[in-house]
Structures are given as structure tokens and as C-alpha cells.
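Dock chain to chain to rebuild the complex, using the hints, since each chain is given by itself in its own frame.
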Amino acid sequence: MTDGARDLARPASKRELFVAFTLLALQGFGGVIAVAQRVLCERRRWLTREQFVDVLAVAQVLPGPNVCNVALMVGDRFFGWRGAFAALAGMMAVPLVIVLLVTALYAEFSANPAVAGALRGMGAVSAGLIVGTALKLLGALRANPLPLPAGAALLAAAFAAVALLRWPLIWVILGLGVAACGWAWARLRPRAGAAGQP
Amino acid sequence: MIAVAPAGLAAMFGHFLLLSLLSVGGAITVAPDMHRVLVDDLGLISDAQFNASIAIAQASPGPNVLFVAVMGYQAAGLAGAAATLLGIMLPSTTLALAAARWGHARREWRAVQAFKAGMAPIVIGLLFATGWILDAKVPGWHHVLLTVAAAVLVWCTRLHLLWLIGAGALAGAVGWV
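Heads up: the sequence lines are chains A and B, in that order. For what it's worth, the numbering used here labels the leading residue of the first sequence as 929, then goes sequentially. For what it's worth, the numbering used here labels the leading residue of the second sequence as 4, then goes sequentially.
Next up, chain B with everything else stripped away, as it sits in the complex (with noise of 0.2 Å):
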């Protein structure tokens, strides 16, 4: 952690707060712009740390936006962190507040509703395409049948959800993923 002047807070948070309105799918879409800026730009954090925050924020418990916050407390503490998910979060936030609102208000029209109805299977798609994305990452073939094992449970069973991650856990720790 260095020291960085408000000038690099305020550069830092200016420039996630553009990125936030950038950012469909999720912050981790604009990750690469975190990169170029934080790393290449302005040289606030290494590419080993730019890496592990999203690590940090995958094995810890949260929405994985909090990699925005690793990030920003890696390059100046606790105010960079303020800086990083506050920027991220502000505009994304406010737009999302504003059009749920105007999309509840006029559910009963005709294109609000084609709207739902077509982005339903689109929706559900990119939820297969995440999950994919997710074990294609992991060299290797067990970690296969560990995904589709924790699918099929968390499909036909109530089993609690951290139980599947415990398990996934101990498989890990032993060396058999």
C-alpha cells in the first residue's frame, strides 16, 4: 500500500464512476479498464494484486463486486476502497433504482411486458453461459464432475447451499480438484 494523494483518490473514483454506467453484466465486465488504469496508468497496484483481489473477492463471502473494494484498499487503504466501490456503485445504483421504478409503474403495458417475456430465456441462458465460463477457467477434469454434481444437487434438493460449498472445500484442500 503507498501513499496517494487526493488527487489519485479523486482520478481513481472519477474514473469508476464512469466505468459503473459501462458495466452490464456486472463490474467484472470492465475489469480490463480497472486494469489498464490502476496497473498500467497510474501504477497503484501490481498485476500479482490486481489478480488476487478478484481471487480475494471470489473465495470470500458477497457479491463478487467487492473485488472493486480489494482493489481500491490495495492502492491506498481504507480511502481507496471508499473511492473504488463507491464509484462503482453510485451510478449503476441510482439507473437501476430509477428504471425498476419505471418499469413497475407501467407493468400492465404491452412492451414492458414483451420486454420480460423475451429477456426471460435470455436471462436464463446467461446464467448457463456464467456458470460455463466459470469451470472453463480450471485446468483439468474433476473439477467438471464436481460442478455438475453441486448443479444437480442445488436442482433436485434443498441441501443447503454451504454444505455443496464445504464440500467443494475439502475436495480442494485434499488435492482432488
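Extracted from the complex, chain A is given alone in its bound form (with noise of 0.2 Å):
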């Protein structure tokens, strides 16, 4: 992980990979991308800010749980394959336990007014956890080569498709994405100096 990031810290064993996801992946209700952003970057401070969003554009583009793919990424730069399985596994082995564990009770429980209501009252919460996130990873968007300006507009516009307009996810990352990829790579042209690269 050199990225050009120096202050960082790094787990020192693939052990300590699978607890920190396992207690991540515990803190989760609702979706864990919240509890991501603020364990890896601001606790352990194992990734920067532009680290996560670019770890999270890699999970995001790509099939599968995108923070299952994080936990994978993550745990392969620093300990291989072994480390990507450990971190995958700390995401999903003891929640799985528990999510079987609450399915034999949920028969019993789910017709509970106070138990639906705390149900409501979480997913109210974590919706709120994932536009925190976003806003937090904003500061990220300073250092793109992208203006400021065409970067906000792709943003609004991403927004706008998928929650407006509700279009569906692999249009949305194929038109924007490569407008945006396009875009960006013509702003990169002066300052890469190494020739000859694709």
C-alpha cells in the first residue's frame, strides 16, 4: 500500500485482518460501508480516504457484495490471496451464524408492533450511516483530476439515474462510467510523463 500515503499503519497478521472485519461486520445493521469508511480509515487508518473510494469504485464496477469485495482487496494487498480470505471470512462467518440464529426467531418476533417499529427506526438510521459516509468521502473528490465542477455534476447525475430516475445499476456505471473515465483520462494527458503506456 505505498499510494503516496505515510502515516498509515497496517494489520500485522491475517488473524488481526479477520477480527477487525468480524467486529466491522458486527457494528453493521443494515449494510456495512458505513462502518467500513470508520474502521479502515479513521481507527485502524489501514487505507486513506482516496484509497477507500478507489477500492470501492474497483467493488462497485464489479459483481458481487460490494463490501465483500472491499473485505477482499483489502485483505489481498496486504497478506495474498490467505489475507483476502481471512478478511472475507471475519465479513461473513459470524454474521452468517447470527442471521441463521435470527431467522428461527424471527417467526416468533416479527409480528411484535415494537419489534417491527425498532426495525423501521434501524433501517431509517443506517440509511442515514451511508449519506453520512458520502458526504465524509466528498473531502476525496479535491485530489481527482477531474474539476471540481464536471465532478459534482457526475456525482448529481449518478444520483439522479439510479434514485430518481431508477434506472438500472449496469447502465448507469456503463454510460456515466465511461463518459466520466474518458473524460478523466484526457485530464491526465499532460502530466504523464511515462510514455509508451497504455
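Calculated from the structure, these hints are not laboratory results. We put the beta carbon where it would ideally sit given N, CA and C, even for glycine. Each hint should be verified, as a subset may be incorrect.
[Claimed, not checked] If we take Cβ atoms under 10 Å as the criterion, some of the chain B residues that face chain A in the derived model are:
| # | residue |
| --- | --- |
| 1 | P9 |
| 2 | L12 |
| 3 | A30 |
| 4 | V68 |
[What the hints assert, rightly or not] Here are a few chain B residues that sit away from chain A, every Cβ distance over 10 Å (derived from the structure):
| # | residue |
| --- | --- |
| 5 | G11 |
| 6 | D36 |
| 7 | V40 |
| 8 | D44 |
| 9 | A82 |
| 10 | R104 |
| 11 | F118 |
| 12 | P124 |
In C-alpha cells form, the structure reads like this:
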């Protein structure tokens, strides 16, 4: 993990990866992305905010659960495929046991209005956690080679297409993504010193 | 839960392997097709069980993809959970690992840097969209206040996220949301 970040930490072992991702997953109700950003960037400082956005970009574009892809990639960078497996196993093993236990209990409690209300309240908060995380990551756009107004326009377009127009994600990623990456490619030209690179 | 023949398990596993490669944006994006197979075609779970699977995974800690395991479990017990979860994870995991390595080894390439730079604003826009869509599923306006308050607290404070989730659960349990 070079990428110019100096005061970053790194996990000491695959076990630390496993434990960190287990703890992280156990704090994530209704989605783990907000906790992942908080823990990986702020508490453990394994990634900068910019690196987190990079990893998330790859995770979003590829098929598969985003947070699981994030765990894989982070684990892989520190300890190769074994690290990837440790991080992913941490993310899934204990939560899997819990979710199956909850399934067994669900039929009994789902009709209880307090339980149903609590679930609604947790859902509202987990939506807020994701929005708050997005607000925090906005700062990562300052270092982006795209000019700020362009970044803002792309962000707004992605939001509108998915949230308001409900277009299929794959078309949004292909359509906006190709345009945005092409634009960034053109912007990167002046300082692309290494000749002969594709 | 019903006794499902090995052929049924294999059909589930095979179908989820295929869906894995289509699940850009997470397994939830292919949930409609899971519904078609598990509820309509194979008749392994009911509509109510299908919806409950998603609700249970949302309310439990951990990645939302675990709703897939809940569906498999309701259809065929632990073997079913293994079939659906391994099916949805194996292809995407292999692909993600290979692609991430490919990109990381070439991180100085202009094309790779352009990909990261171009995708950054879109990724953040998609996070806002996820928050919006989660909130739009619930009727009423109290929960919007709760969402906004949680967003501001995450953005501006270092308050532990579990406090926020707990506060949301409490507000809901007393009937405010």
C-alpha cells in the first residue's frame, strides 16, 4: 500500500485482519459500508480516504456484494490471497451464524409492533449512515484530476439516474462511467510522463 | 422447510453461480430473478418467506448479501444456505480478486488512473442514491428526520455508529418512526 500515504498503519497478521473484519461486520446493521469507512480509514488507518474510494470504485463496478469485494481487496493487498480469504471470512462467518439464528426467531417476533418499529428505526438510521459516509468521502474529490464542477455534475447525474429515475445500475455505470473515465483520461494527459503506457 | 432433493440443491447452486456474475451493485440487484426461481419456478419458499429473508438480513449485523443464505436456509436448511451463499459468492469473489490484482499491478497506467478518477464521483453519487432508496421504502416523514440526523452525526462527529443504530431502534420501538 504505497500510493504516497505515509502515516498509514497495516495489520500485523491475517488473524488481525480476520478479527478486524469480524468486529466491523458485527457493527454494521443494514449495511456495512459506513462502518468499513469509519474503521478502515479513521480507526485503524489502513487506508486513506482516497484509497477507500479507489477500492470502492472497483468493488462497485464488479459484480458481487460491494463490502465483500472491499474486504477481499484490502486483505489481498496486505497478505495476498490468504489475507483476502481471512478478511472475507471475518466479514461473513460470525454474521452468518447470527443471521440464521435470527431467522429461527423471526417468525415468533416479527408480529410484535415494538420489534417491527425498532426495525424501521434501524433502517432509517442505516440510510443516514450511508449518506453521512458519502458526505465524508466528498473530500476525496479535491485530489481528483477532474475539475470540481465536473465531479459534482457526475455525482449528481449518478444519484439522479439511480435514485430518482431508477435506471438499472449496469447502464448507469457503463454510460456515466465511460464518459467520466474518458474525461479523466484526457485530463491526465499533460502529466502522464511515462511514455509508452496504454 | 422442506426436504429438497440433491437435484433441487444443484439447481439452486447453479442458478446462483450465474446470478453472481450479474450482480453488479450487490446481490440485491438480482433479487427479482431469485424470486422468479425460488418462489415461482422451484416453489421452494413463499412470497412472505422471500420478503422476510431480506428484512432479516437488513436487521442483522453483517453484509446484506446474507439474505441469500436466509433464502437458502428457508428452502432447504443448512445445505440450502450453503448452496445459495457459495453460489452467489464464488464467481464474483474470484473475479474481484483477479481484477483488483490486475489493476493494482498497473496502478501507474494512465488508463487505470483515469478509471479511478472518473469513477470516484460516480461511486459517491451511488452512495447517496443508496441512502435515498433505503429511506424511500418507508412511508411517513419521521424517519426522514432520523436519517438526516444520523447522516449529520456521522459526518460531523466520531460518535460510535452502534449508538446511532440503538437510538434508531429505540425511536422505532416506542412508535415514533
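Hint check:
no.	hint	in the structure
1	P9	violated, 21 Å
2	L12	violated, 17 Å
3	A30	holds, 6 Å
4	V68	holds, 4 Å
5	G11	holds, 19 Å
6	D36	holds, 13 Å
7	V40	holds, 17 Å
8	D44	holds, 22 Å
9	A82	holds, 13 Å
10	R104	violated, 7 Å
11	F118	violated, 5 Å
12	P124	violated, 4 Å
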